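J.: Here is how the chains run, residue by residue.
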Amino acid sequence: MTDLTKQSPLGVYVEHLNKGELAYQFSKDDNKAFFYPRAIAPESGSENIEWRVSKGLGTVYTTTAVYYKGEQPLNVAMIDMDEGYRLMSRVEGIDALQVKIGMRVRFKVHPGDDKTLPYPVFTPAGDAK
Amino acid sequence: MSGLKKGSIAVVGAAESDLGLVAPHTSPVDLMAQATMRALDDCGLKLKDVDALFVAATQVRMGPMSLAEYLRIKPKVFDGTQIGGSSFMTHVAHAQMAIQLGLCEVAVIAYGSTQRSVSRAAASPREFNPYESPYRPILPISAYAMAAARHMHQYGTTREQLAEVAVAARKWALLNPKAWEKEPLTIDQVLNARMVSYPFTVRDCCLVVDGGGAIVLTSAARARTLKKKPVYVLGVGETLSHANISSLPDFTVTGASVSGPQAFKMAGIQPKDVTMLSLYDAFTINPILFLEDLGFCPKGEGGRFVADGAIAPGGKLAVNTSGGGLSYCHPGMYGLLVMIEAIRQVRGECGERQVKNCDVSLAHGNGGVLSSQCTVIFGSENTL
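Quick note, the sequences are listed as chains S and A, same order. First residue of the first sequence? That's 1 in the numbering used here, and the numbers climb one at a time after it. First residue of the second sequence? That's 130 in the numbering used here, and the numbers climb one at a time after it.
To be clear, the hints were calculated from the coordinates, so they are not data collected in a lab. Check each hint, because a few of them may be wrong.
[As the list claims (entries may be wrong)] What follows is a list of derived Cβ distance ranges for each label pair:
| hint | chain 1 | residue 1 | chain 2 | residue 2 | range |
| --- | --- | --- | --- | --- | --- |
| 1 | A | 176 | S | 10 | 45 to 51 angstroms |
| 2 | A | 178 | S | 69 | 49 to 55 angstroms |
| 3 | A | 256 | S | 29 | 28 to 34 angstroms |
[Unchecked claim] Selected chain S positions facing chain A (in silico; Cβ < 7 angstroms):
| hint | residue |
| --- | --- |
| 4 | 10 |
| 5 | 36 |
| 6 | 62 |
| 7 | 63 |
| 8 | 64 |
| 9 | 65 |
| 10 | 66 |
| 11 | 67 |
| 12 | 76 |
| 13 | 88 |
| 14 | 90 |
| 15 | 101 |
| 16 | 116 |
[Said to hold, decoys possible] If you want the ones that stay clear, here's a sample from chain A, every Cβ over 12 angstroms from chain S, calculated:
| hint | residue |
| --- | --- |
| 17 | 155 |
| 18 | 170 |
| 19 | 246 |
| 20 | 316 |
| 21 | 318 |
| 22 | 391 |
| 23 | 400 |
| 24 | 404 |
| 25 | 428 |
Predicted, not measured: the structure shown is a model, and the values here were computed from it. Even glycine gets a Cβ: it sits at the ideal position worked out from N, Cα and C.
Assemble the whole structure, with the sequences as input and the hints as a guide.
T.: Structure, rendered in structure tokens:
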């Protein structure tokens with residue numbers, strides 16, 4: 001049960017990121033993980049929602065390299081997490097065009113800045129199972 | 130769309146506003162109003178005949194009010210459904226509901242944008258999304274680029290096949306005096322153009338121009354009393370699935386696989402009965418996905434289907450004969466102009482680019498980031 005006068009789904013998510021954790025929600029009625037964080041589970045509309053911490057491993061579902069003037073190409077990718085949900089993110093530490101579909105990746109926290117909340121990014125994880 | 134009857138309403142008027150680059154300080158509503166009067170002139174109706182108004186735009190928050198005020202009319206039925214570029218196909222379905230129920234008789238659907246004049250960022254600012262915005266995707270381009278990347282991975286679609294879509298559009302545009310682009314385009318030019326969001330270069334992306342349009346719809350009975358041959362609405366279908374690309378389950382399948390069958394069922398026809406297609410080509414991957422999802426080729430075969438000039442003039446299937454959003458005109462939410470070309474083909478008004486014996490055309494609209502998908506099938510008197 002989420003009391004929206006006390007805490008928000010995004011607020012809880014960011015608290016976890018501040019602790020170095022990637023949190024996601026699990027609908028106990030649907031027996032299914034979902035993302036982004038919500039006050040109500042999609043499909044069933046259930047409030048029987050559990051916050052869980054991800055193991056941080058996922059696979060690139062699709063990817064693009066974005067070209068801003070005067071910058072190196074920037075990766076944007078969709079990551080399928082092992083726990084069964086998907087999120088948009090960025091794979092860092094390699095050239096944006098070298099990020100490939102099917103690549104295993106590991107979560108780390110990007111701290112954000114004064115304008116941006118912390119957010120998850122990923123680095124290549126080799127053949128991590 | 131059970132309850133809506135094949136051929137119960139018809140398009141009687143269709144027109145673009147001025148297109149391209151408009152004079153400084155022109156407003157989106159100036160363009161809507163201009164297009165509305167041109168569309169009414171096209172069928173011989175007057176402003177006082179209009180009793181229903183359907184408007185969506187990115188620069189006008191409450192479209193039906195703004196256009197009603199400008200024209201000083203008091204429509205009995207109005208609808209501002211805003212689901213991106215496919216809004217206007219949805220408006221056709223909603224106009225049909227209202228006309229069939231006798232709530233109104235003459236409906237105008239209108240659109241206008243000055244996005245080239247004021248910039249895309251100003252014309253269509255994006256909502257902040259804490260789960261997407263920090264990664265700085267160029268939206269909507271990067272969303273479609275990721276759909277293309279997945280299609281390439283899963284089905285072996287190539288950048289050359291994507292480029293075929295842009296080249297075919299350009300060849301059609303060279304036959305359309307109203308098209309923005311006037312010079313030929315080659316596959317190599319598409320591939321070697323400035324990269325925007327891999328695999329898309331700027332030539333895989335639609336134009337950014339000013340413009341607008343309007344269509345006039347009325348009951349089949351009244352349509353037969355007007356100036357031009359009615360273009361009947363044979364079938365409509367609509368669906369929406371998500372607002373942000375992160376929530377699209379399968380990046381290779383669009384809602385056209387839902388809206389298409391709905392429209393075909395209502396029309397009582399099949400893809401093989403369609404003579405000409407007008408598919409919202411915001412990006413080169415779009416017609417490929419829509420040809421698959423609407424049933425014109427098997428899933429995964431879209432890239433190979435469009436190869437070797439198959440959808441260019443003289444090819445096996447006439448697609449986007451206006452030159453499309455890629456080469457004719459793309460004033461932001463392009464869906465109304467997608468329909469205008471499909472209407473004109475059934476009327477036989479397309480001059481050099483006219484498709485022979487075009488009794489049935491299909492217009493497919495796409496909105497957001499593959500989010501809303503709406504299909505309208507048009508037909509001549511022969512198809513009723």
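J.: Starting from the hint list further up, note which numbers the structure goes against and sort them upward.
T.: Structure breaks no hint.
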